[in-house]
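Asker: Start from the sequences and build out the full structure, keeping to the hints where you can.
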Amino acid sequence: MKKLSVLLCLAILPHALYAQMGACRNSPDLDAFVQCRVQSRAFDVAAMNNKIQDFANQSEPLSLVENSTSLVDSTAASDIASVSTTLSALSSKSRTPNSTDVSTTFSAYGIYAMLRQTSPLDPGLFVRKTALRGLSITYADSFPSDEGATADQGSRTYGAKYLIHAGRDLSSPANAGKRDRIIAVLQNQIRPYAQGVEEIADYLFQKLEPGPKTAAARDSFERKLADRNFFPSMLAKLDESDFRKIDSIIDRIVPSQLDLENASTAVAKEVLHASQWSAGFSAKISKGNGTNTYRSEFIHDKPFAAWLKETLNIGWDFQNAQKPGAKNRQVARLALQTETPLNGHSGKTPRIPISLTAAGEGDWGTNGTPIYKAQLKLKVTIFPGVDLPLVGSYVNRTTNVPRADLKGQLNISFDFAKIVKGVKKPA
Amino acid sequence: MPVSRVVTVNLGAVQIQPSEFLLYTLSAGVGSPLWAFGCIEGSKLASTDFSQVPHEWQLGGARPSAPELRHVLLDRGESSPDRYVLDLQFGGTATYKLRVVKQPGNQLIQDISYESHINTDSFAETLRVTLVKDEK
Chain L
0 MKKLSVLLCL AILPHALYAQ MGACRNSPDL DAFVQCRVQS RAFDVAAMNN
50 KIQDFANQSE PLSLVENSTS LVDSTAASDI ASVSTTLSAL SSKSRTPNST
100 DVSTTFSAYG IYAMLRQTSP LDPGLFVRKT ALRGLSITYA DSFPSDEGAT
150 ADQGSRTYGA KYLIHAGRDL SSPANAGKRD RIIAVLQNQI RPYAQGVEEI
200 ADYLFQKLEP GPKTAAARDS FERKLADRNF FPSMLAKLDE SDFRKIDSII
250 DRIVPSQLDL ENASTAVAKE VLHASQWSAG FSAKISKGNG TNTYRSEFIH
300 DKPFAAWLKE TLNIGWDFQN AQKPGAKNRQ VARLALQTET PLNGHSGKTP
350 RIPISLTAAG EGDWGTNGTP IYKAQLKLKV TIFPGVDLPL VGSYVNRTTN
400 VPRADLKGQL NISFDFAKIV KGVKKPA
Chain B
0 MPVSRVVTVN LGAVQIQPSE FLLYTLSAGV GSPLWAFGCI EGSKLASTDF
50 SQVPHEWQLG GARPSAPELR HVLLDRGESS PDRYVLDLQF GGTATYKLRV
100 VKQPGNQLIQ DISYESHINT DSFAETLRVT LVKDEK
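Sequence order for the protein chains is L and B. Position one of the first sequence corresponds to residue 0 (numbering that gives the first Met the number 0), numbered consecutively onward. Position one of the second sequence corresponds to residue 0 (numbering that gives the first Met the number 0), numbered consecutively onward.
Hints listed in this document are in silico derivations from the structure and should not be mistaken for laboratory results. Virtual Cβ for every residue (Gly too), placed ideally from N, Cα, C. Heads up, some of the hints might be wrong.
[Said to hold, decoys possible] Sample of chain L residues with no beta-carbon within 12 angstroms of chain B, all distances over it, derived: (1) Pro27; (2) Tyr111; (3) Asp140; (4) Arg178; (5) Lys244; (6) Ala267; (7) Thr290; (8) Gln321; (9) Ala331; (10) Thr368; (11) Thr397.
[To be verified] Pairwise CB distance ranges, derived in the manner of DEER restraints: (12) Asn25(L) / Gln16(B): 33 to 39 angstroms; (13) Ala65(B) / Gln205(L): 38 to 44 angstroms; (14) Ala214(L) / Leu72(B): 17 to 23 angstroms.
[Claimed, not checked] DSS-like, lysine-lysine: derived pairs with alpha carbons at most 27 angstroms apart: (15) Lys223(L) / Lys101(B); (16) Lys286(L) / Lys326(L); (17) Lys223(L) / Lys132(B); (18) Lys128(L) / Lys96(B); (19) Lys236(L) / Lys286(L); (20) Lys326(L) / Lys301(L); (21) Lys212(L) / Lys132(B); (22) Lys286(L) / Lys244(L); (23) Lys223(L) / Lys244(L); (24) Lys96(B) / Lys132(B); (25) Lys96(B) / Lys420(L); (26) Lys326(L) / Lys372(L); (27) Lys244(L) / Lys92(L); (28) Lys92(L) / Lys322(L); (29) Lys212(L) / Lys236(L); (30) Lys420(L) / Lys406(L); (31) Lys301(L) / Lys96(B); (32) Lys128(L) / Lys420(L).
Answerer: Below is the structure:
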């Protein structure tokens, strides 16, 4: 089917070409002109507008945090730092005590850049420190807010997560093979491209340069080809037979351009749809004599398509009871989340992306009955890196009361890497 | 959306003597630069040959002007022009900045910035280089 579309595109291209000729005729110099023509004659690849702004960069609180708005943890955290808060005033009344949670996450890379007093978006540093970008550290403080609640009913949560397999980071060592594939086709293009441009320049020189055809005149003509004040007027002197001659030369570059576009498209798709794995450990420590919980987990996430992203947590919790007579618990935990965007289906990133998330969790353990949770979340990204998740959660029984509970919450989270990338144009 | 290319200086062609060379400096934005460099005779260098950005190499001249500098010898002899191509791909990074300076003399030959946010975009920049007799 793909081969058929390529053949179809190549058959249609000669006719479409002259429609696009106007744009190429405005090229400021020879290199821009040749590139425009090469791309016009190569088949049109599906544009991928999204740079690698990964959905798995978690800026919401860890799942273990007191009133977390997320049932699952993602494989990665912000590349630099993130802060999120869930305000009790914006949570509905329920059987679960409300609290105000403030969560802060730093990547080891962000800390390293800060200690070195250098910009974390320094390209050289960013590429070299892939391993540091994979390690993140989180601290969250939870303040109880219900009437009559005391400070010691709160908790502190500490977490660390390491991205073991960074499949969607093209800079990662895991993707060295994919980078090499692009380099190989770039290297294959050098020779036909250099020959083609030289032949076109020679043709234009013979056609347009009056006077003796000396080496000095040829060199001087080459400077005119690179001069935006001269080149467009020169193009205007060419007729259709000249363009046909130029296209016959360009057609020798086209196969290598197709190879490059095919390799680039394939690599981009593979990277965008790759799996990521990470391992995480977090500990929620009660400020008073509440239960302490220690969570170890493996995290997997993968975008199956642009409209379906999956996140899976498989782990084990140890709940260490502090109150006299209460029993410790060992809990096996499985949580699965799917996320689908509600806008931006045309392929263009919407100004305010909105997504719908559905998640479920099962906890099976000693000294207690299983607990099942379900969650629906509407996430509105009001600015790149600033998310407002509106969450509705259901649990079949709470830890304190053996009855089902429903809760609504609003969180706000800031991912500083995405904010900086959103505000500042790339260097 | 094509590659956005801002040309500050582009002479298009340059003549160099055996004692002269071109110093290429390619900086890139956040991410992994992916590029190849070569001439009509074939590919000479690629981004995989470098571990740190900016990527710097010397074209021409008898020997490298600094010990750690990558050195590419001219493939063709006197008065036989060759076309050198820098083929940039935007899958790993959105921006590049190219500076080509003729040394000694510090003459700026090319100073061009590129930007594209489409992973599959590429751009090939060329420069015609001719080796001429030493004036000395």
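Asker: Now tell me if each hint is right for this structure.
Answerer: Cross-check of the supplied hints:
no. : hint                                     : verdict
1   : Pro27                                    : violated (7 angstroms)
2   : Tyr111                                   : holds (15 angstroms)
3   : Asp140                                   : holds (32 angstroms)
4   : Arg178                                   : violated (6 angstroms)
5   : Lys244                                   : holds (19 angstroms)
6   : Ala267                                   : violated (4 angstroms)
7   : Thr290                                   : holds (43 angstroms)
8   : Gln321                                   : holds (46 angstroms)
9   : Ala331                                   : holds (39 angstroms)
10  : Thr368                                   : holds (49 angstroms)
11  : Thr397                                   : holds (45 angstroms)
12  : Asn25(L) / Gln16(B): 33 to 39 angstroms  : holds (37 angstroms)
13  : Ala65(B) / Gln205(L): 38 to 44 angstroms : holds (41 angstroms)
14  : Ala214(L) / Leu72(B): 17 to 23 angstroms : holds (22 angstroms)
15  : Lys223(L) / Lys101(B)                    : holds (19 angstroms)
16  : Lys286(L) / Lys326(L)                    : holds (19 angstroms)
17  : Lys223(L) / Lys132(B)                    : holds (24 angstroms)
18  : Lys128(L) / Lys96(B)                     : holds (22 angstroms)
19  : Lys236(L) / Lys286(L)                    : violated (81 angstroms)
20  : Lys326(L) / Lys301(L)                    : violated (37 angstroms)
21  : Lys212(L) / Lys132(B)                    : holds (20 angstroms)
22  : Lys286(L) / Lys244(L)                    : violated (80 angstroms)
23  : Lys223(L) / Lys244(L)                    : holds (21 angstroms)
24  : Lys96(B) / Lys132(B)                     : violated (31 angstroms)
25  : Lys96(B) / Lys420(L)                     : holds (18 angstroms)
26  : Lys326(L) / Lys372(L)                    : holds (22 angstroms)
27  : Lys244(L) / Lys92(L)                     : violated (76 angstroms)
28  : Lys92(L) / Lys322(L)                     : holds (26 angstroms)
29  : Lys212(L) / Lys236(L)                    : holds (19 angstroms)
30  : Lys420(L) / Lys406(L)                    : violated (34 angstroms)
31  : Lys301(L) / Lys96(B)                     : violated (34 angstroms)
32  : Lys128(L) / Lys420(L)                    : holds (18 angstroms)
In this structure, the earlier hints numbered 1, 4, 6, 19, 20, 22, 24, 27, 30 and 31 are contradicted, and the remaining ones agree with it.
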